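Peer 1: Assemble chain F onto chain H, guided by the hints.
Protein chains: 2
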Amino acid sequence: MKIKKLILILVLFTMMLFSHKNASAQDKKMVYRIARLTIDSAQLENYKALLKEGAETAVRVEPGVLSLYAVYEKEHPTHVTVFEIYANKEAYEAHIHSPHFLKYKNATKDMVKSLELVDVAPIALGAKPGAIK
Amino acid sequence: MKIKKLILILVLFTMMLFSHKNASAQDKKMVYRIARLTIDSAQLENYKALLKEGAETAVRVEPGVLSLYAVYEKEHPTHVTVFEIYANKEAYEAHIHSPHFLKYKNATKDMVKSLELVDVAPIALGAKPGAIK
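Top line first, the protein sequences correspond to chains H and F. Residue 70 in the working numbering is what sits at position 70 of the first sequence, and the numbering runs on without skipping anything. To get the working numbering, take the position in the second sequence, counting from 1, and add 133.
Excised from the complex, chain H in its bound form (with noise of 0.2 Å):
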């Protein structure tokens, strides 16, 4: 009984750490941006290709960019809209100047006709454990 008890103390106590992790995480330090462009229609493919590899790698290779969603809109295929999530400062600015980062940029560079950076905050963020990925 003792033990019990003892075991349900500590996943309480590990829980509540998390919890607070998550919260101060979310609330304090992280870089939420939204990027919306224009893009060439006669590259619009190429632009697409070049973006998914660059957004796919940044993801998977650096431990502060927690998400990058890419859409485009059905009606204006080449209007491009980029949610992005990082874990800090300090992590947006390694993104910004990583070999995947600086390949992406130079190789889109005469497809992209507008660019604006748009900093957000959340209101809500909520996703299923692993229904994205």
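Wrong hints could be hidden among the right ones.
To be verified - Label pairs and their in silico Cβ distance ranges: (1) F:I136 x H:A42: 55 to 65 Å; (2) H:K4 x F:P196: 28 to 38 Å; (3) H:A121 x F:A240: 14 to 24 Å; (4) F:V245 x H:H97: 33 to 43 Å; (5) H:K4 x F:V194: 30 to 40 Å; (6) F:A175 x H:V61: 44 to 54 Å.
Hints in this document: simulated from the structure, not taken from any laboratory. Predicted model only: the values in this text are computed from it and were never measured. Here a beta-carbon is modelled for each residue, glycine too, at the ideal position from N, C-alpha and C.
Peer 2: Quick look at chain F alone, frame taken from chain H:
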């Protein structure tokens, strides 16, 4: 030795099944959408609380609501963007008839000054497992 081989084959077969399931689900059935809203500045805090409650409830209780990311622009806090992923069209239809969505919709109808719903398709959806929630 024979049992080990059998286990290895079973594991590989299971991985094949799952990777196929993921690929087909992502490509063919999922519904991706961006909602862009402008909110009455006098009611912004109330609106954000209602959106947060509605979005978190939907992801928690509806099996087909995979992800709802809601953010506001730091420079224009009344500009809200929601990035939505549903398992399929039926899941989206179920969502907009759910009690929590109808509660949100009714409670916020005089707070929303403009609403644009944009159907999108994925280029890359990279997210670290467990990074957000």
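Peer 1: Each hint needs a verdict: does it hold in this structure or not?
Peer 2: Going down the list of hints, with the structure as the test:
1. Restraint check, F:I136 to H:A42: a C-beta distance of roughly 58 Å satisfies the suggested window 55 to 65 Å.
2. Under the hint 28 to 38 Å, the C-beta atoms of H:K4 and F:P196, about 33 Å apart, fit the expected range.
3. One distance hint, 14 to 24 Å for the beta-carbon pair H:A121 and F:A240, holds here, with the actual separation near 22 Å.
4. Distance hint check: the CB atoms of F:V245 and H:H97 are about 40 Å apart, consistent with the given range 33 to 43 Å.
5. Against the hinted window of 30 to 40 Å, the Cβ-Cβ separation of H:K4 and F:V194 comes to about 31 Å, which satisfies the hint.
6. F:A175 and H:V61 have their C-beta atoms about 46 Å apart, which keeps the hinted 44 to 54 Å range intact.
Comparing the model with each numbered hint stated earlier shows that all of them hold.
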